[in-house]
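Asker: Single-letter residue listing:
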Amino acid sequence: MAEIVLNGVTKAFGPAKAVDALSLVIGDGEFVVLLGPTGAGKTTTLRLIAGLEDPDSGHIAIAGRDVTREPPAARDVAFVFQQYSLYPHLSVFDNLAFPLRAPGRGFDRAGIEARVREVAGLLRIGDKLANRATHLSGGQMQRVAIGRALVREPALFLMDEPLSSLDAKLRSDLRIELKHIQEDLGATILYVTHDNIEAMTLANRIGVLNAGRLEQVGTPREVYESPVNAYVAARLGSPGINLLPRNLFADFPAPAQTATIGARTEHLRIRKTTNGGASGTATWIEHLGDQNHVHVTLGAEKLVSLAEPEAGIEAGDRVAVDLINPLFFDKQGARLTV
Amino acid sequence: MAEIRIENLTKSFADFAAVKDVSFTIGEGDFFCLLGPSGCGKTTTLRMIAGLELPTSGRILLDGEDVTFNRAAARDIAFVFQLFALYPHMNVRANIGFPLKCAGLPRHEIAARVQEAARILRIEHILDRSVSRLPGGDRQRVALGRAIVRQPKAFLMDEPLGALDAEFRHLMCSELRMLHDRLRATTVYVTHDQLEAMSMASVIAVMNQGRIEQLGAPQEIYDRPASLFVADFIGSPPMNFLGFRGGLARGADRIEVDGALIAVPRLVEDLAPSELVLGVRPEHVRFSDASSIRGEVFGAEYLGTTQIVTVTTGLGRLKARLPSSITVRTGEQVGLAFQPEKLSLFEKASGRVIRSALHEAAHG
Numbered sequence: 002m003a004e005i006v007l008n009g010v011t012k013a014f015g016p017a018k019a020v021d022a023l024s025l026v027i028g029d030g031e032f033v034v035l036l037g038p039t040g041a042g043k044t045t046t047l048r049l050i051a052g053l054e055d056p057d058s059g060h061i062a063i064a065g066r067d068v069t070r071e072p073p074a075a076r077d078v079a080f081v082f083q084q085y086s087l088y089p090h091l092s093v094f095d096n097l098a099f100p101l102r103a104p105g106r107g108f109d110r111a112g113i114e115a116r117v118r119e120v121a122g123l124l125r126i127g128d129k130l131a132n133r134a135t136h137l138s139g140g141q142m143q144r145v146a147i148g149r150a151l152v153r154e155p156a157l158f159l160m161d162e163p164l165s166s167l168d169a170k171l172r173s174d175l176r177i178e179l180k181h182i183q184e185d186l187g188a189t190i191l192y193v194t195h196d197n198i199e200a201m202t203l204a205n206r207i208g209v210l211n212a213g214r215l216e217q218v219g220t221p222r223e224v225y226e227s228p229v230n231a232y233v234a235a236r237l238g239s240p241g242i243n244l245l246p247r248n249l250f251a252d253f254p255a256p257a258q259t260a261t262i263g264a265r266t267e268h269l270r271i272r273k274t275t276n277g278g279a280s281g282t283a284t285w286i287e288h289l290g291d292q293n294h295v296h297v298t299l300g301a302e303k304l305v306s307l308a309e310p311e312a313g314i315e316a317g318d319r320v321a322v323d324l325i326n327p328l329f330f331d332k333q334g335a336r337l338t339v
Numbered sequence: 183m184a185e186i187r188i189e190n191l192t193k194s195f196a197d198f199a200a201v202k203d204v205s206f207t208i209g210e211g212d213f214f215c216l217l218g219p220s221g222c223g224k225t226t227t228l229r230m231i232a233g234l235e236l237p238t239s240g241r242i243l244l245d246g247e248d249v250t251f252n253r254a255a256a257r258d259i260a261f262v263f264q265l266f267a268l269y270p271h272m273n274v275r276a277n278i279g280f281p282l283k284c285a286g287l288p289r290h291e292i293a294a295r296v297q298e299a300a301r302i303l304r305i306e307h308i309l310d311r312s313v314s315r316l317p318g319g320d321r322q323r324v325a326l327g328r329a330i331v332r333q334p335k336a337f338l339m340d341e342p343l344g345a346l347d348a349e350f351r352h353l354m355c356s357e358l359r360m361l362h363d364r365l366r367a368t369t370v371y372v373t374h375d376q377l378e379a380m381s382m383a384s385v386i387a388v389m390n391q392g393r394i395e396q397l398g399a400p401q402e403i404y405d406r407p408a409s410l411f412v413a414d415f416i417g418s419p420p421m422n423f424l425g426f427r428g429g430l431a432r433g434a435d436r437i438e439v440d441g442a443l444i445a446v447p448r449l450v451e452d453l454a455p456s457e458l459v460l461g462v463r464p465e466h467v468r469f470s471d472a473s474s475i476r477g478e479v480f481g482a483e484y485l486g487t488t489q490i491v492t493v494t495t496g497l498g499r500l501k502a503r504l505p506s507s508i509t510v511r512t513g514e515q516v517g518l519a520f521q522p523e524k525l526s527l528f529e530k531a532s533g534r535v536i537r538s539a540l541h542e543a544a545h546g
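Residue numbers (my numbering), protein chains in the order written: chain V, 2 to 339; chain X, 183 to 546.
So that you can see chain V by itself, here it is in the shape it has in the complex (with noise of 0.2 Å):
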């Protein structure tokens, strides 16, 4: 297990930069999490670290070595790719095993078996060792492709949406499986994804890419709670937060350059109203089961915040919208604190 160094990485395609000047620090033992929509440069990034694509400037270092211009091979990195690529013709455990029996790698037959009746162990797939890979449910092949980056203990594992193929139930209990396993391993993790509640979850820091730049790198706390500016609030929180032009409460204080409110749930305090003060009109209650969240129409503008049961709003009511602690936005996104 090591720590990474990105420094000013950059790679175009064309006339596009696909990452652009990407400057990180991996520590030994921690779980970073990329997080962007398609298109931001998360997987091109994994893939300079791989030594799949070549940068065009920056260095990339990995325990303290330099391999930016070292073949994939010599990096001692394990890839998870979205689409687990298993050997159909092979049994769980052959494929397990592969990456062991590479030359050069010096297991004999007993250390192989017991490094990969451990790995199956910590999956949960002991059970299935004998199976043919091809007979397992979508989970168990991604655990088993999971399964396969293990064995080795690479320096650095890169995981590119890993669990984006998997059903919405299996995803969540892979999700903690996988947090779990890489703290009793130390693992050093590198994760893609463009789900903001994988990110919050697995991260131990989590980079907000757009673009290609790094917008801003921190825990998902911080992230969450403290965002650099208007993109990084946009990518975190269900619903997402609201962002309402300053002007529309004009009454409360804001730093002066403000242009736009950010207002999450936890900032907002909707009210229903019969006599006067009303500001806006509930237009639709969103039952998702577990929570529901409140439409409003404010004027011209929309906004949606978790409704609680409590204050027994319904569609149509009409409301009074306050703020409790907003974020504030200048004119190009960027953060104001007060």
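Bear in mind the hints are in silico, worked out from the structure with no lab data behind them.
Worth double-checking, as some hints may not be accurate.
Calculated pairs, DSBU-like style, for lysine-lysine (alpha carbon to alpha carbon, straight line, at most 30 Å) [to be verified]:
id: 1; chain 1: V; residue 1: K170; chain 2: X; residue 2: K524
id: 2; chain 1: X; residue 1: K335; chain 2: X; residue 2: K202
id: 3; chain 1: X; residue 1: K530; chain 2: V; residue 2: K129
id: 4; chain 1: V; residue 1: K170; chain 2: X; residue 2: K202
id: 5; chain 1: X; residue 1: K524; chain 2: V; residue 2: K273
id: 6; chain 1: V; residue 1: K170; chain 2: X; residue 2: K530
Got chain V; can you put chain X on it based on the hints?
Answerer: Just chain X now, with coordinates in the frame of chain V:
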């Protein structure tokens, strides 16, 4: 806009019954979701409504007219597949107008209808643009425009948002729902994503192995699942299940699970001793030092406003949704209490829900 009635619909492929004797009515103006895992029969049901498959037996009525064996083109229904399927060499206007051109409508009629569809979708400003350079959201709207322009009696949609990013999918969900509110068109929507169904549907039919397990409003299905399958399928994270063995008496309002007495909604049926399951939603679990249900915190997942805490107990792992303000440490010993009036009980063997005050309240 139309009412769609399905009567005893069955579809068999060789020796496999994909849809088994299904009956339901989709009311005029409903946003009706067929929800279930892959292979449950939801897409086959939709394709029979569209006329793309013929049923083995049963009837389909569109506004009272039997259309079971009518050809797809004769049904006055618009089918929206993956919303991205556009003609790349045509501009937006030509893409939207294409179905009308095929139907041989006069040019001025086409122009007027395309304009109207564009107005509803708020894409009037891009009518003359090429579709190949449009951002994803606008492409989706153009594809919808092509369905709207026909002014069909009903819209059928088969996982139209399946291929999209989570963030964008959520945005399109609320757009589809708002579009439905403007048009009030009867819509049948197939998905395996329970969150999509919960957020858009006025009525959900949960399908499993060719049958409808439960049909009702989203909140009804969430609060009062009719079976273990539905309880497990709806909700994220899903309902916690605690297995226990016991007999139940009508009027009882507590059960014994692994030595702990747990208050439940008052039962309205008797049950001989058998294997039973207590169902608890994560948001109905809270920490309580006084509780005799003990466990060790396995992990906490921070979600901003709330967190999901997983606790290992003698009865298995339970998930609780708690406010993020509560500090939780992995390995910590905690007691768990449940919100009594929200709990569900099931027979393990049949999966059937056991009737209690939870269900009486719904009809009271």
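Asker: Indicate, hint by hint, whether the structure satisfies it.
Answerer: Verification of the supplied hints:
1. At roughly 22 Å between alpha-carbon atoms, K170 of chain V and K524 of chain X fall within 30 Å of each other, so this suggested pair holds.
2. With a CA separation close to 26 Å, the supplied pair K335 of chain X and K202 of chain X stays within the 30 Å bound.
3. Under the criterion of a C-alpha separation no larger than 30 Å, the hint pairing K530 of chain X with K129 of chain V is consistent with the structure, at around 26 Å.
4. For the hint linking K170 of chain V to K202 of chain X, the alpha-carbon distance of about 26 Å falls within 30 Å, and the restraint holds.
5. A hinted pair counts as satisfied when its Cα atoms are at most 30 Å apart, and K524 of chain X with K273 of chain V qualifies at roughly 26 Å.
6. With a CA separation close to 20 Å, the supplied pair K170 of chain V and K530 of chain X stays within the 30 Å bound.
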